[in-house]
Amino acid sequence: MLSMKNISKVYQTEKVQTHALRDFTLEVSEGEFIAVTGPSGSGKTTFLNIAGMLESFTSGDFILDGVNVGQLNDNQRADLRNQKIGFIFQGFNLIPDLNLFENVEVPLRYRGIKSAERKRRIMECLEQVGLASRAKHLPQQLSGGQQQRVAIARALAGEPRFLLADEPTGNLDSLMARQVMELLEEINRNGSTIVMVTHDPELARRAPRNIQVVDGQIADFTLYQHGGASVPRKSNTVAAVNPMSVEV
Amino acid sequence: MYKAMSEIKPIVNALKRSKVGAILLMIQIMITTAIVSNAAFIIYDRSTYLQQETGYPEDEILYFAITTFGEDIDLSQLFEETETTLREIPGVIDAAVIAALPLSGSGSASGFDTLPHDQHQNGDNRNVRAAYTTGDDHVLNTLGVKIAEGRDFRPEDIVVTNDPSMLAKVAIVSRAFAEEIFPDENAIGKTFYSGNTGVEIIGIVDTMKGPWLKDSRPNNVIIFPRVEARMYQNVAVRATAEDRASVRKSIEDKILAQYDKRVVINMRGMDEAKAGYNAADLLMLRMLVVLIVVLVMITALGIFGMTVFNINKRTRQIGTRRALGARKSAIVQYFLVENGLICLVGLFFGCIGAYYLGGMLLREYSLPALNNLYIVVTALSVLVVSLLSVLLPANRASNISPSIATRTI
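Taken in order, these protein sequences are the chains called A and B.
Position one of the first sequence corresponds to residue 1 (the UniProt record's numbering), numbered consecutively onward.
Position one of the second sequence corresponds to residue 1 (the UniProt record's numbering), numbered consecutively onward.
To be clear, the hints were calculated from the coordinates, so they are not data collected in a lab.
Treat the hints loosely; a few may be bogus.
Unchecked claim - Computed spacing ranges between beta-carbons, pair by pair:
1) A:30 - B:13: 34 to 40 angstroms
2) A:144 - B:305: 30 to 36 angstroms
3) B:18 - A:143: 17 to 23 angstroms
4) A:191 - B:305: 47 to 53 angstroms
5) B:348 - A:191: 49 to 55 angstroms
6) B:3 - A:68: 26 to 32 angstroms
7) A:71 - B:384: 35 to 41 angstroms
To be verified - Here are the simulated EDC-like pairs of lysine to aspartate or glutamate, each with C-alpha atoms no more than 16 angstroms apart in a straight line:
8) B:328 - A:79
9) B:19 - A:74
10) B:328 - A:55
11) B:16 - A:97
12) A:5 - A:23
13) B:169 - B:137
14) B:169 - B:156
15) B:328 - A:74
16) B:313 - A:97
What the hints assert, rightly or not - Residues from chain B that face chain A, not an exhaustive set, calculated with beta carbons under 7 angstroms:
17) 14
18) 17
19) 111
20) 115
21) 116
22) 323
23) 327
24) 402
25) 405
26) 406
On a predicted model such as this, the values are computed, not experimentally measured, just so you know.
No residue lacks a Cβ here, since even glycine has one placed at the ideal position from N, Cα and C.
Take the sequences, apply the hints, and build the full model.
Here it is, written out as structure tokens:
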């Protein structure tokens with residue numbers, strides 16, 4: 001479903017080349033729930049941005065649902081993003097001037113879905129996150145956890161092939177974080193593929209598959225059985241000294 | 001397929017929730033539309049007025065006045081000789097003593113009747129206002145106007161006198177006067193009256209303006225064949241346009257050489273006199289042009305500034321929209337629709353304002369009624385300027401990377 005082979009991302013300034021991702025290789029199958037962890041600056045958000053086509057990559061191959069992303073122009077990437085991917089952001093990124101209904105509607109408008117169908121999907125998704133009765137409320141009238149649930153409804157409304165979640169519980173207290181995580185797990189159980197970037201090892205452990213990114217490469221991945229018990233950990237290449245920035 | 005118009009409802013809802021900036025911009029657009037449409041109409045009206053055909057070759061005619069202080073000479077004789085002297089100057093086409101100078105802002109006007117004063121009680125009299133002047137059989141040639149119907153003055157028509165009660169029996173009139181006093185009939189040979197004195201129309205000139213372009217009847221002019229010889233006397237000289245400057249230099253010397261107990265004053269070309277008369281209008285016209293440019297620029301800058309402000313305020317929102325699947329063109333369209341909506345509401349109230357401002361100017365300052373076409377054209381122009389002002393910042397917004405959505409600031 002998602003296949004990255006030897007993806008590299010280099011940020012080039014006048015004097016410094018920064019390697020955010022190096023030969024990053026990952027296969028994600030349909031229905032998986034993957035947690036991506038790693039220290040700050042390790043490249044996990046860059047991975048997420050590239051996986052979500054929010055950023056281009058410098059080299060490598062990236063196939064998303066059979067489409068070679070490297071060959072797409074900006075409009076095609078926007079359309080593919082709209083059709084295949086649902087985003088959940090750490091800061092929720094709801095539009096403050098739009099009510100919940102209108103916020104969930106945003107990606108559907110870009111797809112040109114007709115009004116009646118939009119309404120059906122929006123109410124269905126708001127129902128799923130338990131906020132249908134507050135469709136006319138503005139985001140600032142909700143708690144952080146509720147806002148993130150609206151963001152999840154927005155991500156689900158487009159019926160995407162997979163969800164990309166960037167620290168979805170990063171701005172929430174532990175209770176709300178648990179509720180959001182339970183919601184994501186339920187969505188995954190219903191068949192959606194989820195890739196979640198997180199700092200929180202507890203949350204990561206709840207995902208069946210963990211990937212640890214260090215210095216722009218996959219350092220480890222771990223498979224968990226139900227209930228969080230680990231199965232043998234497979235080691236991937238980890239550079240002993242792997243400077244992220246080099247003078248050029 | 002994404003349709004920008006589908007954004008109207010959420011944009012309207014969003015504007016309702018955050019309305020201060022939008023209302024201020026609407027007010028600005030409203031004021032601009034109301035003022036610019038009226039100012040543009042006044043500019044058109046004034047420039048039509050300034051460019052109107054006067055009937056005279058303005059760049060060929062010179063005016064001046066002679067003040068005679070010598071009392072040892074026959075003024076009638078002197079002025080006849082003066083006219084002859086002027087006509088002999090190389091380059092001069094003709095010269096004439098004249099009572100009132102066209103386009104100068106100074107002259108005489110009166111109401112003239114179709115019936116003698118004594119018979120006003122008995123029948124339908126029509127009274128028509130006209131400016132009038134006097135001159136001899138050279139006056140039409142000096143003013144550079146031609147008889148369209150009838151005939152020019154003959155020497156035997158000329159009344160030479162300083163007695164105001166002695167009136168000429170014939171006159172040459174402008175077509176505007178002829179058609180107003182004798183509508184639907186040929187005025188040649190008809191008699192109009194000044195008091196009880198009848199004056200026969202012997203000639204009609206198609207276009208001939210009086211002294212005041214702003215008069216209620218600027219085109220109604222009568223020339224009587226009459227010569228007065230006064231201590232203060234206006235004279236008109238017509239020379240070819242190329243020779244007018246050299247003629248101007250030599251006039252005073254020739255006149256004083258003929259008789260030196262007099263002074264030549266206030267020498268100016270007809271075009272200069274007209275420009276002086278219209279100076280205030282020209283100044284107003286220029287100021288209105290400046291006003292329009294400044295107002296439109298302020299509005300454009302206001303829209304530009306508000307869009308830039310909105311983009312800076314909504315950077316993450318724009319990134320999020322891009323992440324959710326908005327193409328760059330959808331972002332540009334979003335800002336165009338948003339500003340277009342604000343602009344349309346501003347224009348709606350601006351058009352109403354323009355209409356009422358036009359009515360007020362008509363009532364209070366007797367300006368001509370505002371042509372609604374000016375409101376429509378101004379509104380469309382403001383809309384275009386407004387959308388153009390949005391384009392640049394909106395394009396900038398469309399280049400905001402969708403990855404901004406995942407950044408933690």
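task: Taking the numbered hints from earlier one at a time, note which ones the structure violates and give those numbers from smallest to largest.
output: 9, 19, 20, 21
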